[in-house]
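Asks: Protein chains in written order, with the numbering used here: chain F, 1013 to 1124; chain S, 224 to 334.
Simulated from the structure, these hints should not be mistaken for lab results.
Because the structure is a prediction, the values reported are computed rather than measured.
All residues carry an ideal CB built from backbone N, CA and C; glycine is no exception.
Careful: at least some of the hints might be erroneous.
Claimed, not checked - Here are the simulated distance ranges between beta carbons:
(1) Glu1034(F) / Glu290(S): 40 to 46 Å
(2) Leu272(S) / Asp1071(F): 21 to 27 Å
(3) Asp1071(F) / Gln289(S): 28 to 34 Å
(4) Pro334(S) / Thr1095(F): 38 to 44 Å
What the hints assert, rightly or not - Dumping the calculated DSSO-like pairs for lysine-lysine here, alpha-carbon to alpha-carbon at most 27 Å:
(5) Lys276(S) / Lys1067(F)
(6) Lys1025(F) / Lys1067(F)
(7) Lys1015(F) / Lys291(S)
(8) Lys1015(F) / Lys1067(F)
(9) Lys1065(F) / Lys1083(F)
(10) Lys291(S) / Lys277(S)
(11) Lys1083(F) / Lys1015(F)
(12) Lys1083(F) / Lys277(S)
(13) Lys1030(F) / Lys1082(F)
(14) Lys1082(F) / Lys1065(F)
(15) Lys291(S) / Lys276(S)
(16) Lys1015(F) / Lys326(S)
(17) Lys1083(F) / Lys1030(F)
(18) Lys278(S) / Lys291(S)
(19) Lys1069(F) / Lys1015(F)
(20) Lys1015(F) / Lys329(S)
(21) Lys1030(F) / Lys1069(F)
(22) Lys277(S) / Lys326(S)
(23) Lys1015(F) / Lys333(S)
(24) Lys1030(F) / Lys1067(F)
(25) Lys326(S) / Lys1069(F)
Unchecked claim - Residues from chain F shown here face chain S by an in silico Cβ test under 7 Å; the list is partial:
(26) Tyr1022
(27) Gly1054
(28) Leu1055
(29) Pro1073
(30) Gly1075
(31) Ser1079
(32) Leu1109
(33) Gly1110
(34) Phe1115
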Amino acid sequence: DVKVTQSSRYLVKRTGEKVFLECVQDMDHENMFWYRQDPGLGLRLIYFSYDVKMKEKGDIPEGYSVSREKKERFSLILESASTNQTSMYLCASSGRLGIGYTFGSGTRLTVV
Amino acid sequence: KNEVEQSPQNLTAQEGEFITINCSYSVGISALHWLQQHPGGGIVSLFMLSSGKKKHGRLIATINIQEKHSSLHITASHPRDSAVYICAVSYYGGSQGNLIFGKGTKLSVKP
């Protein structure tokens, strides 16, 4: 069964902490994505990557960075967590042109 | 302006009813996705389609490219179908695999 695995289901961090969210896919997909989901706002794209070491800003990249050193792994980094980054974070991957789009189970991050 | 519009926003049905969720979009697309999200859960891809119709169990998805419209149908609905259903499109000119999402339709099926 193909999978996108996010390292944590729930996470609580303090304001100012550096936070790492990890995502691993086993489908040899070229594209990987990080979204956040908030009530009333739906899914919003933070960053995506279409190849190793390549990254593109999405709609709301401020306060975030990403790393893709290997094809199967895409990390989202909150440089200095703030309370307005409390949200559900979803990772996804796909082949070229969106083939096989697959989401992870999500990480619910609370920043206190 | 959201380029992907879903209706209705909320839907309550009795078990066994036939359900239709609609999605309209304004951009040229390469594919349309229907996604399902249970409360507190991750997102599951139900369908990806670029033309015609697809069926999986009690779920049917159709798309009319000329009218820029898609529908998701659930036959013989069941309480376990209660979830948020999200329409998303991958569009020409967008970055590879990048999606535009609708705001979702929250479905509640009562026993």
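Asks: Each of the hints needs a verdict: does it hold here or not?
Replies: These are the hints, each one checked on the structure:
| no. | hint | in the structure |
| --- | --- | --- |
| 1 | Glu1034(F) / Glu290(S): 40 to 46 Å | 42 Å, holds |
| 2 | Leu272(S) / Asp1071(F): 21 to 27 Å | 25 Å, holds |
| 3 | Asp1071(F) / Gln289(S): 28 to 34 Å | 29 Å, holds |
| 4 | Pro334(S) / Thr1095(F): 38 to 44 Å | 39 Å, holds |
| 5 | Lys276(S) / Lys1067(F) | 34 Å, violated |
| 6 | Lys1025(F) / Lys1067(F) | 25 Å, holds |
| 7 | Lys1015(F) / Lys291(S) | 31 Å, violated |
| 8 | Lys1015(F) / Lys1067(F) | 21 Å, holds |
| 9 | Lys1065(F) / Lys1083(F) | 9 Å, holds |
| 10 | Lys291(S) / Lys277(S) | 17 Å, holds |
| 11 | Lys1083(F) / Lys1015(F) | 14 Å, holds |
| 12 | Lys1083(F) / Lys277(S) | 31 Å, violated |
| 13 | Lys1030(F) / Lys1082(F) | 21 Å, holds |
| 14 | Lys1082(F) / Lys1065(F) | 8 Å, holds |
| 15 | Lys291(S) / Lys276(S) | 14 Å, holds |
| 16 | Lys1015(F) / Lys326(S) | 25 Å, holds |
| 17 | Lys1083(F) / Lys1030(F) | 23 Å, holds |
| 18 | Lys278(S) / Lys291(S) | 20 Å, holds |
| 19 | Lys1069(F) / Lys1015(F) | 24 Å, holds |
| 20 | Lys1015(F) / Lys329(S) | 25 Å, holds |
| 21 | Lys1030(F) / Lys1069(F) | 20 Å, holds |
| 22 | Lys277(S) / Lys326(S) | 22 Å, holds |
| 23 | Lys1015(F) / Lys333(S) | 31 Å, violated |
| 24 | Lys1030(F) / Lys1067(F) | 20 Å, holds |
| 25 | Lys326(S) / Lys1069(F) | 21 Å, holds |
| 26 | Tyr1022 | 10 Å, violated |
| 27 | Gly1054 | 5 Å, holds |
| 28 | Leu1055 | 5 Å, holds |
| 29 | Pro1073 | 14 Å, violated |
| 30 | Gly1075 | 21 Å, violated |
| 31 | Ser1079 | 19 Å, violated |
| 32 | Leu1109 | 6 Å, holds |
| 33 | Gly1110 | 4 Å, holds |
| 34 | Phe1115 | 4 Å, holds |
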